[in-house]
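Trainee: Using the sequences provided together with the hints, build the complete structure.
Listed below, chain by chain, are the residues.
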Amino acid sequence: MSSKSQEVEALVGQKYRHGFITDIESDSLPPGLDEDVVAAISKKKHEPEFLLKWRLKAFRHWQTMKEPTWAHVHYKPIDYQDISYYSAPRAPANAPKSLDEVDPKLLATYEKLGIPLHERARLAGVAVDAVFDSVSVATTFKEKLGKAGVIFCSFSDAVRNHPELIERYLGTVVPTGDNFFAALNSAVFSDGSFVYVPPGVRCPMELSTYFRINAAKTGQFERTLIIAAEGASVSYLEGCTAPMRDENQLHAAVVELVALDDAQIKYSTVQNWYPGDENGLGGIYNFVTKRGECRGRNSKISWTQVETGSAITWKYPSCVLKGENSIGEFYSVAVANNYQQADTGTKMIHIGKNTKSTIVSKGISAGHAENTYRGLVKILPSASGARNFTQCDSLLMGPKCAAHTFPYMEVKNPTATVEHEASTSKIGEDQLFYCLQRGISAEDAVNMIVSGFCKVVFKELPMEFAVEAQNLLSVSLEGAVG
Amino acid sequence: MLEICDLAARVAGKEILNGVNLTVNAGEVHAIMGPNGSGKSTLAQVLAGREDYEVTRGSVSFEGHDLLAMRAEERARAGLFLGFQYPVEIPGVNNVYLLKAALNAKRKAAGEPEVDAYDFLALIRQKMKFMQMSETFLTRGVNEGFSGGEKKRNEVLQMLVLEPKLAILDETDSGLDIDALKVVSQGVNSLRDPARAVVLVTHYQRLLDYVIPDYVHVLSGGRIVKSGDKSLAQELERRGYDWVMEPKVA
Chain A
1 MSSKSQEVEA LVGQKYRHGF ITDIESDSLP PGLDEDVVAA ISKKKHEPEF
51 LLKWRLKAFR HWQTMKEPTW AHVHYKPIDY QDISYYSAPR APANAPKSLD
101 EVDPKLLATY EKLGIPLHER ARLAGVAVDA VFDSVSVATT FKEKLGKAGV
151 IFCSFSDAVR NHPELIERYL GTVVPTGDNF FAALNSAVFS DGSFVYVPPG
201 VRCPMELSTY FRINAAKTGQ FERTLIIAAE GASVSYLEGC TAPMRDENQL
251 HAAVVELVAL DDAQIKYSTV QNWYPGDENG LGGIYNFVTK RGECRGRNSK
301 ISWTQVETGS AITWKYPSCV LKGENSIGEF YSVAVANNYQ QADTGTKMIH
351 IGKNTKSTIV SKGISAGHAE NTYRGLVKIL PSASGARNFT QCDSLLMGPK
401 CAAHTFPYME VKNPTATVEH EASTSKIGED QLFYCLQRGI SAEDAVNMIV
451 SGFCKVVFKE LPMEFAVEAQ NLLSVSLEGA VG
Chain B
1 MLEICDLAAR VAGKEILNGV NLTVNAGEVH AIMGPNGSGK STLAQVLAGR
51 EDYEVTRGSV SFEGHDLLAM RAEERARAGL FLGFQYPVEI PGVNNVYLLK
101 AALNAKRKAA GEPEVDAYDF LALIRQKMKF MQMSETFLTR GVNEGFSGGE
151 KKRNEVLQML VLEPKLAILD ETDSGLDIDA LKVVSQGVNS LRDPARAVVL
201 VTHYQRLLDY VIPDYVHVLS GGRIVKSGDK SLAQELERRG YDWVMEPKVA
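Heads up: the protein sequence lines correspond to chains A and B, in order. At position 452 of the first sequence (counting the first as 1) the number is 452 in our numbering, and the numbers step up by one without a gap. At position 133 of the second sequence (counting the first as 1) the number is 133 in our numbering, and the numbers step up by one without a gap.
Honestly, the hints are just simulated from the structure, not real lab data. From the three backbone atoms N, C-alpha and C, an ideal C-beta is built for every residue, glycine too.
With a cut-off of at most 20 angstroms between alpha-carbon atoms, the simulated SDA-like pairs for lysine to any residue come out as follows:
id, chain 1, residue 1, chain 2, residue 2
1, A, LYS459, B, ASN94
2, A, LYS147, A, GLU230
3, A, LYS400, B, ASP52
4, A, LYS455, B, ASN94
5, A, LYS378, A, ASN298
6, A, LYS426, B, VAL88
7, A, LYS455, B, LEU138
8, A, LYS53, A, THR64
9, A, LYS147, A, GLU206
10, B, LYS100, B, LEU123
11, A, LYS426, B, TYR86
12, B, LYS182, B, GLY149
13, A, LYS426, B, PRO91
14, A, LYS455, B, GLU89
15, A, LYS455, B, GLU144
16, A, LYS459, B, PRO91
17, B, LYS127, B, GLU114
18, B, LYS100, B, GLU74
19, A, LYS455, B, THR139
20, B, LYS165, B, MET1
21, A, LYS353, A, LEU380
22, B, LYS108, A, ALA442
23, A, LYS378, A, TYR408
24, A, LYS459, B, THR139
25, A, LYS455, B, THR136
26, A, LYS455, B, ARG140
27, A, LYS353, A, LEU376
28, B, LYS14, B, ARG223
29, A, LYS459, B, TYR97
30, A, LYS426, B, GLU144
31, A, LYS455, B, PRO91
32, A, LYS44, A, HIS162
33, B, LYS151, A, ASP430
34, A, LYS412, A, ILE351
35, B, LYS108, A, ASP444
Only some residues are given here: those of chain A computed to face chain B with a beta carbon under 8 angstroms:
id, residue
36, GLN437
37, GLY439
38, SER451
Mentor: As structure tokens, this is what we get:
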């Protein structure tokens, strides 16, 4: 190990000699990935040594790994050497301390995207930690959260101000070598969000982060870590959109959730990255690892996602139910239109006694899209009395799309109860005609039918998000029927 | 109001309607009867604008407009209502929400403002009471888990709220017990008006005891083979359909 760390130091030194230092003040690193790049990212972010070591360990592991091919998705091989692994918006050397210090052009972009950051935050009482191409530009409501003892900041800030929490929890849910994309993320992640809710604290507001991808050819590698200490609870919202672009973009985020005794974490996502045009050109590759660990007794982690964007989605928000009586939930709406491909689902790993999980997945396919639900319910020998309920429904719109369901179950405890329900239906010509005959336009009718189909999931979203999700859905399925 | 001339239509390559002629004037109630497979439901669906049916011949004029040139939703907004034989379930879509959307679509087409939510609720409560429907209909999904009778009541409820000029009711009486039949009939009768017309598509004479038709037509082999007044329905009830049916042509 010590020889390893010497190597690390040698590397860090080396990159100085190779002149990476001159790049530190620049906006982005040139395309390519090697240990120098990993070290440069760490250096740019003034990270402590433990983190650099951690990144390099991940990178080395990643080099030994192969890109997974089991997902039901098709895309041209990604050239990982043709991606720039770091880009920051043009800004003064020092990070802005308030919105006033933020590049007005950046704020204008947010406005264009329909996110009046301060306005929305103030009106909705939502604290927004905005990630713009890898660097946090503004964090609001910090003070109010601070009073409650809640830490909500960019990942970089957390590394600077709370390194002990990072060191204790980072990679404990998704280890560096967990999978190809998680390993890559661990090596090169640039920024993300960090939440710590101290014992007994109920977070006083919904926490929200808007992720954006902007610079061309920049892989986006977010890292999110949320910890709810004993008896704490928090609801976190993540929403994404991206501007139009032609080139495929890689996005490989990692989200880790840790719930200690009696803690609750609710994580909601509305994902609307650029899906490519109607011919399948462009669009985001979204290869995300999201996992929560119910580490404590009676803890609960709930994932709710509305996935309408990306050319390819590869995402399985999962729960590891370690604590006794802990609960995992997964509510998902995945929409794939045109040439979009979605392979998404969840894993519920039951380890503790009397653990309970619920999976409700609603897949909607239109155009030439492929929509796959892939789920694993695993009940270990230790999980006596474990229970799972799974419901997977697919809705097909038009004759050229497809839906696939791969539910895996491994039950190693005879006292467990596992239920699975699945259905596939075509958006009824009958349903559509019924609405048309009542004078409702085809577009409104489709929206109505699809919303109805998704209702049980939308119900799980925070109110303002549910409205946004519904709007997104109608935009995503525009022209899918009629 | 409605003028059907020599209408022929087929579905999946099979000729179902073969030269239907029918004129319905405002204020009239017509009953279209006939054995199974005679084309009754097809006629209703073709008039409502279902795309699976291909019109191969003929014309239909509705209030002076070329009905066949209009899309299904345009026909509905122009005042044509089809009460479905098998009303479809739309899970998760609130029954009242659909009805409100329907009413607003119609109002919008007529250049009227959208209905006020409070007024709408008052209206629908009143109509529901008339149709003897329980308040739970307000919160349930469209036909979701409704019994056959509840679905038919819901169709008539929708009709009463939308106040169509021409209502085509496709076997709205089937599957109803006698009490439900009375309620449904009462609903249909309440819509009778010199400015409106009703076409009842039915297999049995039973409904016609409660909704007295002005004309009764027998559809057989895709065309109307006999027309008469209410007494024709009674005769059909007595004698069956055989005596009026067209001989099968090979």
